[in-house]
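Asker: Read top to bottom, the protein sequences are chains Z and W.
Counting from 1, one number per residue, gives the positions in the first sequence under my numbering.
Counting from 1, one number per residue, gives the positions in the second sequence under my numbering.
Derived from the structure by calculation, the hints contain no laboratory data.
Any given hint could be a false lead.
[To be verified] Distance windows between CB atoms, simulated: (1) Z/V61 x W/A351: 30 to 38 angstroms; (2) W/D34 x Z/R38: 40 to 48 angstroms; (3) Z/E64 x W/A113: 45 to 53 angstroms; (4) Z/R38 x W/R75: 28 to 36 angstroms; (5) W/A54 x Z/A18: 19 to 27 angstroms; (6) Z/R38 x W/G108: 42 to 50 angstroms; (7) W/G67 x Z/E65: 18 to 26 angstroms; (8) W/A155 x Z/D90: 57 to 65 angstroms; (9) W/G26 x Z/R76: 17 to 25 angstroms.
[As the list claims (entries may be wrong)] For lysine to any residue, the following SDA-like pairs were computed, each having C-alpha atoms within a straight-line distance of at most 25 angstroms: (10) W/K104 x Z/D90; (11) W/K104 x Z/G26; (12) Z/K104 x Z/Q83; (13) Z/K104 x Z/V89; (14) W/K247 x W/I278; (15) W/K104 x Z/A32; (16) W/K104 x Z/V89.
Here a beta-carbon is modelled for each residue, glycine too, at the ideal position from N, C-alpha and C.
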Amino acid sequence: MSEPSLREPTFLILTALAAGAQHGYGIMTDVAQISGGRVRLRAGTLYAALNRLAVEGLVEVDREEIVDTRLRRYYRLTPPGAQRLAAEVDRLSRTTEVAARRLKLLSDPA
Amino acid sequence: MHDGMRASDADRDSAAAQLHVHFAAGRLTRDELDDRLTVALRAVTFGDLRLALAGLPGLAPAPRRHGSLERGYRRLLAFYPPRYRRVHEEEMLAVLMTAAPEGKRRPGLAEAADLIAGALRVWCQPSRGRGWRGVLALISAGAVLGLLAGAAFAALNPPLRTSYTMVMTVAAAPNGVRSEYRINLPPSYIRGAERQELIEQRTSVLQRDETRTEAALADSREVMAAAASAVRPSMSVQTLRGQVRIKAVNDIWMWISAQGTTAAQAESAVSAVAHSYIAYVNGKNTPGARILLRHIVCQRMWPRRPGESKFIPCSMHAGTDSPGIEPGPSLLALVLDTGGLGALCGALIGAFAAAALSRPSRRFRVT
C-alpha cells in the first residue's frame, strides 16, 4: 500500500522541521529559503497544514517559549513524520533519477 | 511602573494576551483564565493589572506598538474554532506580528483570505472527532444559501403560465336557423391575403370544419392588431402571435390559448384576442347571417412539472372583461418548492466544499 504523495507545502514544512524543532515563523522563513524564495507560506496555510500534520501524528509540539511577551511554540518531526518524509524523498529521487537519465539520452543519442 | 498609574486599553489588551499565553503554556486552567481575564479587562491601574498577572513569570505589561494591526489579526483569528483558538491564537498572532513589516497598519486582503481559508480548513479537519462540526456547518450554510437562492430564483422567474379561452361560436340567423357558410379551408391556407375574401363568401351551412374558419379569422392580422393594441399600445402583432395559439377543437369550439411568465400576462393576451374576435365578427356580419357568440369559457393551466397540469374552469360570457378566475398556486408555494431544491443543492455543494477543505492544502503563494 503506497501513501499518496505529499503536496509541496507539506513536503517543505516537513523538510524544514527535519533540521530540528522550529516555531511557526521559523518554518515560514525556512520554507522560503529551501524553495529559493518560490514558496512563501502564509500563516493561515501554515497552521492549517501543521494542524493536519499534528492530527496525523507526523509532527508534534516540542516546547514553548515566551519571547518579548509573545508565545513561541516549537514543532518537531515525529518518528512517523521522519519516515514519511524519507519515503517521499526516496520516491522523488527515483523519479528525478529516471528523468535525468532519459534527458541525458535525449541530448546524447549515441 | 507605579501601581497607581492608570492603565490604557492597550495595556489591558496586552495583559489579556499574556494570560492567554500562560493558559496555552498550561500555567492556568480554563476557569483561572476566565477569572483573571475579567480582572485584567476591568483593570483601572497597573496595580490591578499586576493582580491579574500575579504568580505568573515575568511578563510586565508593556504597551504594544501595533495596536490596530493586532486587533485586525485578532478579528480574523476569531474565525477559527474556539478549541483551536484557545491553544493557537497567541502563537499565530506572534507569527503574524513578526512577519508583518514595520509600519503595517492592518491585515492585507490576501492575508485575510488565507486566514479565513485556513480557519475553514481547521474547522473541517477531524481533530479529536470534532471536525464534523465544520462539515455540518458548511453543509447547513450551503443549504441556507441554496434555499435563499432558490427562493430568489422562484420569485424572479415564476413558471410559465398558460391561459386558455374556449370560444363557442354558435351561428344563428334571425329566424333561428344556423347561418350559412360555404368555404372551409385549413387555417394555414386561410391565413393572410385571402382572409377578407373568405369572410365575404361566408354563406354555407355550419359544418364540421366551421370553427377552423373561425380560428383563422381570430388569427387574422386585423383581429390580432386590435387585440395587441388592447393589451399594450406598443405591442406588435408578431409579439402577440408568439404568445397566442388558436385552434379549432370541434364544430362548435375554438380554443385560444396564451402563455406568459405570469398568469396575468397570459390572461390579458387571451382575453384581448377573444374580445377582439367577438368585436370583429359582430361588426362584419352580413345581414341575415348573424353569429352569436354564446359564451366564452376560460381555463387556466399551470404546467408545474412535465405531465402535471391543473385546469381551473371558469365561465366568461361574451362582452365581460372580468372572467373571475380562481387563483392558482401561490407564489409562496412555488418559492418553497424551488427553495427546497436549492437547499438540497446547496447542502451538497457544502458537503463537497467541506470534503475539499479537509484535504491537504494546495494553496500557497509562489513568487
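Asker: Could you run down the list of hints and mark each one as holding or not?
Answerer: Evaluation of the provided hints:
no., hint, verdict
1, Z/V61 x W/A351: 30 to 38 angstroms, "32 angstroms, holds"
2, W/D34 x Z/R38: 40 to 48 angstroms, "45 angstroms, holds"
3, Z/E64 x W/A113: 45 to 53 angstroms, "29 angstroms, violated"
4, Z/R38 x W/R75: 28 to 36 angstroms, "31 angstroms, holds"
5, W/A54 x Z/A18: 19 to 27 angstroms, "42 angstroms, violated"
6, Z/R38 x W/G108: 42 to 50 angstroms, "20 angstroms, violated"
7, W/G67 x Z/E65: 18 to 26 angstroms, "24 angstroms, holds"
8, W/A155 x Z/D90: 57 to 65 angstroms, "60 angstroms, holds"
9, W/G26 x Z/R76: 17 to 25 angstroms, "18 angstroms, holds"
10, W/K104 x Z/D90, "43 angstroms, violated"
11, W/K104 x Z/G26, "20 angstroms, holds"
12, Z/K104 x Z/Q83, "31 angstroms, violated"
13, Z/K104 x Z/V89, "22 angstroms, holds"
14, W/K247 x W/I278, "16 angstroms, holds"
15, W/K104 x Z/A32, "21 angstroms, holds"
16, W/K104 x Z/V89, "39 angstroms, violated"
Of the hints listed earlier, those the structure fails to meet are numbers 3, 5, 6, 10, 12 and 16, in rising order.
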